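Student: Protein chains in written order, with the working numbering: chain G, 1 to 560; chain W, 1 to 337.
Don't take each hint at face value.
Said to hold, decoys possible - Straight line, CA to CA, 27 Å or less: simulated DSSO-like cross-link-like pairs of lysine-lysine:
(1) G:K327 with G:K253
(2) G:K110 with W:K291
(3) W:K231 with W:K254
(4) G:K110 with W:K155
(5) W:K191 with W:K254
(6) G:K491 with W:K191
(7) W:K294 with G:K110
(8) W:K49 with W:K127
(9) G:K363 with W:K231
(10) W:K286 with G:K110
(11) G:K89 with W:K99
(12) W:K99 with W:K127
(13) G:K390 with W:K191
(14) G:K216 with G:K560
(15) W:K191 with W:K155
(16) W:K220 with W:K268
(17) G:K501 with W:K127
(18) G:K111 with W:K66
As the list claims (entries may be wrong) - Pairwise CB distance ranges, derived in the manner of DEER restraints:
(19) W:A299 with G:E115: 17 to 25 Å
(20) W:A299 with G:S4: 28 to 36 Å
(21) W:F103 with G:I7: 45 to 53 Å
(22) W:S205 with G:A413: 42 to 50 Å
(23) W:A295 with G:S299: 47 to 55 Å
Treat the hints as calculated values from the structure; they're not laboratory data.
A quick note: this is a predicted structure, and the numbers were derived from the prediction, not measured.
We put the CB at the ideal spot given by N, CA and C, even for glycine.
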Amino acid sequence: MQLSRPIDFIAITDHSESFALTSRCESTDLNFLERATCRLMGTPNIVSFFIIRKLAVAETQQIGARVPAGEYQPMSRTHPKYDSFPLCKYGNGSPEQCYNGSNIVWDRYKKLADEYNEPGVLTTFAAYEYTPVLDAGGSEHRNVLFNGENLPEHALSSFDVGSALELWRGLEDTCYGECDYITIPHNMNKGWGIYYSPWALDGTPYEAADWELRNKREPIAEMYQVKGSSECALGLGSTDEECGFSQVLEPCKEGELSGCAFKTSFARQGLKVGLELEQELGFNPLKFGMIGSTDTHNSNSGDTEEWDFAGKVGALTSPAVRRQTMKGGDKPYQSVLKFHTSGGLAAVWAEENTRDSIFSSMKRKEVYATSGTRITLRMFAGWEFDESIKGTIDPVSIATQGGVPMGGELSTAAETTESPTFFVWAGADTLNAPLQRIQMIKGWIDEQGETHEQVQDIACSDGLAVDPVTLRCPDNGASVDVSSCSIETEKGAPELMAAWKDPEFDRSQAAFYYTRVLQNPTCRWSTYDAIRLGIAPSTEVPATIRERAWSSPIWVAPEK
Amino acid sequence: MPKVVPQGSWFNKPIFQFLILGLLAYALQQWAGPQAFIAVTSNKISLLKDQWQTSTGLQANPARLKALVDVYVEEEMLFREALNANLHEHPQVKRRIIKTAEFLELGSSGDDDEALYEKAIDAGLHKNDALVRSMMISSVRNSISTKFESITLTKEEINQYYLDNVDRYRAPGRVSFEHVFVSKNRNADSKYNAEELRLHEAFSSTESNSLASLGDPFIKGYRFLGLSMSKLTELMGTEFSQGVGQLNIGEWSKPIESVYGWHLVWVKEINPARVLSLIEAEHRVKRDLLKELKAQAFAAELSEVKLGYKVSIEWPGNDMLESPQLTLIEGNGSQHD
Numbered sequence: 001m002q003l004s005r006p007i008d009f010i011a012i013t014d015h016s017e018s019f020a021l022t023s024r025c026e027s028t029d030l031n032f033l034e035r036a037t038c039r040l041m042g043t044p045n046i047v048s049f050f051i052i053r054k055l056a057v058a059e060t061q062q063i064g065a066r067v068p069a070g071e072y073q074p075m076s077r078t079h080p081k082y083d084s085f086p087l088c089k090y091g092n093g094s095p096e097q098c099y100n101g102s103n104i105v106w107d108r109y110k111k112l113a114d115e116y117n118e119p120g121v122l123t124t125f126a127a128y129e130y131t132p133v134l135d136a137g138g139s140e141h142r143n144v145l146f147n148g149e150n151l152p153e154h155a156l157s158s159f160d161v162g163s164a165l166e167l168w169r170g171l172e173d174t175c176y177g178e179c180d181y182i183t184i185p186h187n188m189n190k191g192w193g194i195y196y197s198p199w200a201l202d203g204t205p206y207e208a209a210d211w212e213l214r215n216k217r218e219p220i221a222e223m224y225q226v227k228g229s230s231e232c233a234l235g236l237g238s239t240d241e242e243c244g245f246s247q248v249l250e251p252c253k254e255g256e257l258s259g260c261a262f263k264t265s266f267a268r269q270g271l272k273v274g275l276e277l278e279q280e281l282g283f284n285p286l287k288f289g290m291i292g293s294t295d296t297h298n299s300n301s302g303d304t305e306e307w308d309f310a311g312k313v314g315a316l317t318s319p320a321v322r323r324q325t326m327k328g329g330d331k332p333y334q335s336v337l338k339f340h341t342s343g344g345l346a347a348v349w350a351e352e353n354t355r356d357s358i359f360s361s362m363k364r365k366e367v368y369a370t371s372g373t374r375i376t377l378r379m380f381a382g383w384e385f386d387e388s389i390k391g392t393i394d395p396v397s398i399a400t401q402g403g404v405p406m407g408g409e410l411s412t413a414a415e416t417t418e419s420p421t422f423f424v425w426a427g428a429d430t431l432n433a434p435l436q437r438i439q440m441i442k443g444w445i446d447e448q449g450e451t452h453e454q455v456q457d458i459a460c461s462d463g464l465a466v467d468p469v470t471l472r473c474p475d476n477g478a479s480v481d482v483s484s485c486s487i488e489t490e491k492g493a494p495e496l497m498a499a500w501k502d503p504e505f506d507r508s509q510a511a512f513y514y515t516r517v518l519q520n521p522t523c524r525w526s527t528y529d530a531i532r533l534g535i536a537p538s539t540e541v542p543a544t545i546r547e548r549a550w551s552s553p554i555w556v557a558p559e560k
Numbered sequence: 001m002p003k004v005v006p007q008g009s010w011f012n013k014p015i016f017q018f019l020i021l022g023l024l025a026y027a028l029q030q031w032a033g034p035q036a037f038i039a040v041t042s043n044k045i046s047l048l049k050d051q052w053q054t055s056t057g058l059q060a061n062p063a064r065l066k067a068l069v070d071v072y073v074e075e076e077m078l079f080r081e082a083l084n085a086n087l088h089e090h091p092q093v094k095r096r097i098i099k100t101a102e103f104l105e106l107g108s109s110g111d112d113d114e115a116l117y118e119k120a121i122d123a124g125l126h127k128n129d130a131l132v133r134s135m136m137i138s139s140v141r142n143s144i145s146t147k148f149e150s151i152t153l154t155k156e157e158i159n160q161y162y163l164d165n166v167d168r169y170r171a172p173g174r175v176s177f178e179h180v181f182v183s184k185n186r187n188a189d190s191k192y193n194a195e196e197l198r199l200h201e202a203f204s205s206t207e208s209n210s211l212a213s214l215g216d217p218f219i220k221g222y223r224f225l226g227l228s229m230s231k232l233t234e235l236m237g238t239e240f241s242q243g244v245g246q247l248n249i250g251e252w253s254k255p256i257e258s259v260y261g262w263h264l265v266w267v268k269e270i271n272p273a274r275v276l277s278l279i280e281a282e283h284r285v286k287r288d289l290l291k292e293l294k295a296q297a298f299a300a301e302l303s304e305v306k307l308g309y310k311v312s313i314e315w316p317g318n319d320m321l322e323s324p325q326l327t328l329i330e331g332n333g334s335q336h337d
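Isolated chain G, as found in the complex:
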């Protein structure tokens, strides 16, 4: 396996829960049950995976009255401890040994990250994934990335702490001084509504101090990965047609508490919740940037191209014939064929390829997400430039000096009457399809405290103009030959640029703006598989996809 192009930085985020389990399996004094568990874990096996996962599901109890369908139902949960697993329960495999053993494994990850970190060539971060497990295959997981020195001796897992609040507190206690960390919510679409609810997993409601801590330590969110898009979902506060991209979860029906799409599982809704919280708290704790990532569990970071997708957990979903047939369960999101994407990428605007520089970019949210393609994307907003910026030779310098980049915030002075200019520039991936359009997504909160959103195209390829009624570019007619996956390179644009003002700008309203750049369609991984297998592409999924990039938002708020 080799990437078509190198990647610049990487964080291997294995589950910290597994650190304890794998370390115990390396011991020579295991009893029968421990060895049996190790045996199960050591062999790629979907049955043993589900058995182990089931052991990690917390015991739950509903808090308060039932909430309407699609809203997060507060629950109190008793998180599993080390001794929830046979491996850490009986005989010599005491919980203490598992705890201590996990430190040995975590130490190896830290050393591995240091061993392969080559400034200017490949930056590697020490990292892990914290994964409290929910029912129906859900999780409220977060990736934890570290920078600096004196990293914690212990990687916190869901056997140690039962909620994100406890995770941050635990990290604050153990990562200080020269140690720095961020957490990244992961695969929110399968969090059953917890991510942007005001509740912690153990049933604790967020206090202002908790929101502050989250605001400080959670600057970015992963809104695209192998298990689909967590940008937005149709019918859950969004009517934007592109919210159907990489979605298989249906909006929750009455009585469903998991296995369906919740409003507060998606980034766009999270950004809106942030605007609401700002009115309550006096600050917006959910100002987060956007990244994509893989989560393929294949140790193949950056391998996101549709043409060589090896499957999520390739040991189970390869070869191609398995991916075409594995159902996984009754629900669409359990089907490999329907649910899995080829994974996304995280892009950062950093001064240099070093840990400090990339980590700073993530903290200031000057990052963007892609669905696996390598689109170049810049976005700025400012009062000091206008439409004429498009005619200048170095618009980035002008926009940098006269505005803020993606992830930034603009304050609206009292005397301001018109919209700032949003400058957006996108370049196509050199190995992928040309671009089709740039879209601007705006979310805002009105005087009554109601949030709203609007999506409109702001740049079209092929000389086309945005329809003033639909606010969309006409289809440029780009097509794909699904028998060979060849594309029309004459349609679409190698780059697109827009300098846009919001015609409905209201200086009294707090708002966020982010962009979405869409490519011409290309073959989905399942179609490449079908060609290799000599069969027709599945009719259960689209034969093509429209790859894309999402910028981090820029917030525009009335001056306080």
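Since the structure of chain G is already known, use the hints to place chain W on it.
Tutor: Chain W alone, transformed into the frame defined by chain G:
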């Protein structure tokens, strides 16, 4: 007339017969060599092939089949080592064996665990249970690996490894250039416009004067410092990087095409690929050497184990009854091939 050994002769005494049999057994062992024998039959190979197909959905090609057989042989050796070390008497393994014996109803009423275990051993359960086998192999592997966790490196070793593998420690060729861009998006005939622009007097200069403003804005910038060719390809496409790779230093090029448009390029500097000094490469050298030493140490230990075994492999397709096709692999240092 045949001689009759008289009754009560020393020849009929059990002790004498025991000695004779012992001597015969010793001679046989000497003739056969000290090694244990592992036979991989064609049936076994077919089984490995079927298991592979079941678990992956793929047919095992000859290379894969050889790898599967190699793994089997290695595991069989390790398993026998575990048996020799009586790991089947380890309490946890013993417990598994007793549980299996209970399931198979090997015992009689009144048998305690020890009696049941003895019966299980007589029935060969410790050799036939897949989990017991796996547990024992894993134990042996772990005990070998843990011997090499704390290998330390000397300066001499690092230096020698660097010298022996110096070709692995190379910096790629790098190019620094600036360019003027003519956008496909902004120009109906961008190639023509780029050619026209190239005629501008500024491009006859023998010094680069940052002429980017004569062209269109370019999203990836105008000055590139120390880009490797692979990075250049990633940023601009293959056609462009190949074009730049052929340019001379200090002159404006003819238009070179990229995914985005046409570029007039001034190469400022080319740093050819070079060997890194030890100081530059030390981090990688240490990492690679350590990895290799650990792998070597494990392999050496395994080779020691293998010396005690003789292996025959009967590849399918050969008629075993008439002409058994034996392949001897590692561990065949004995004179009794």
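Student: Hey, K89 of chain G versus K99 of chain W, does the alpha-carbon distance stay inside 27 Å?
Tutor: Distance of about 20 Å is within 27 Å: holds.
Student: Need the status of pair K231 of chain W, K254 of chain W: alpha-carbon distance at most 27 Å?
Tutor: It holds: about 22 Å lies between the C-alpha atoms, which stays within 27 Å.
Student: Sort out whether K127 of chain W lies within 27 Å of K99 of chain W, counting only the CA atoms.
Tutor: 15 Å, holds
Student: Starting from K286 of chain W, check that the Cα of K110 of chain G is at most 27 Å away, please.
Tutor: 17 Å, holds
Student: Does K254 of chain W sit within 27 Å of K191 of chain W, going by the straight-line distance between their CA atoms?
Tutor: 10 Å, holds
Student: Falls inside 45 to 53 Å, the C-beta gap from F103 of chain W to I7 of chain G?
Tutor: Given about 51 Å between the Cβ atoms, the range holds.
Student: Verify the proposed pairing of K216 of chain G with K560 of chain G, using a straight-line Cα cut of 27 Å.
Tutor: 20 Å, holds
Student: Does the alpha-carbon distance linking K363 of chain G and K231 of chain W stay inside the 27 Å limit?
Tutor: 26 Å, holds
Student: Run the distance test for K501 of chain G versus K127 of chain W: straight-line Cα separation, threshold 27 Å.
Tutor: 77 Å, violated
Student: Decide if the proposed pair is consistent with the structure: K191 of chain W and K155 of chain W, CA atoms, cutoff 27 Å inclusive.
Tutor: 57 Å, violated
Student: Under the criterion that the straight-line Cα-Cα distance not exceed 27 Å, is the pair K327 of chain G, K253 of chain G satisfied?
Tutor: 23 Å, holds
Student: Would the hint linking K390 of chain G and K191 of chain W be met if the CA-CA limit is 27 Å?
Tutor: Between K390 of chain G and K191 of chain W the Cα gap is close to 21 Å, so the pair holds against 27 Å.
Hint check: violations occur at hints 15, 17, 18, 23; the rest are consistent with the structure.
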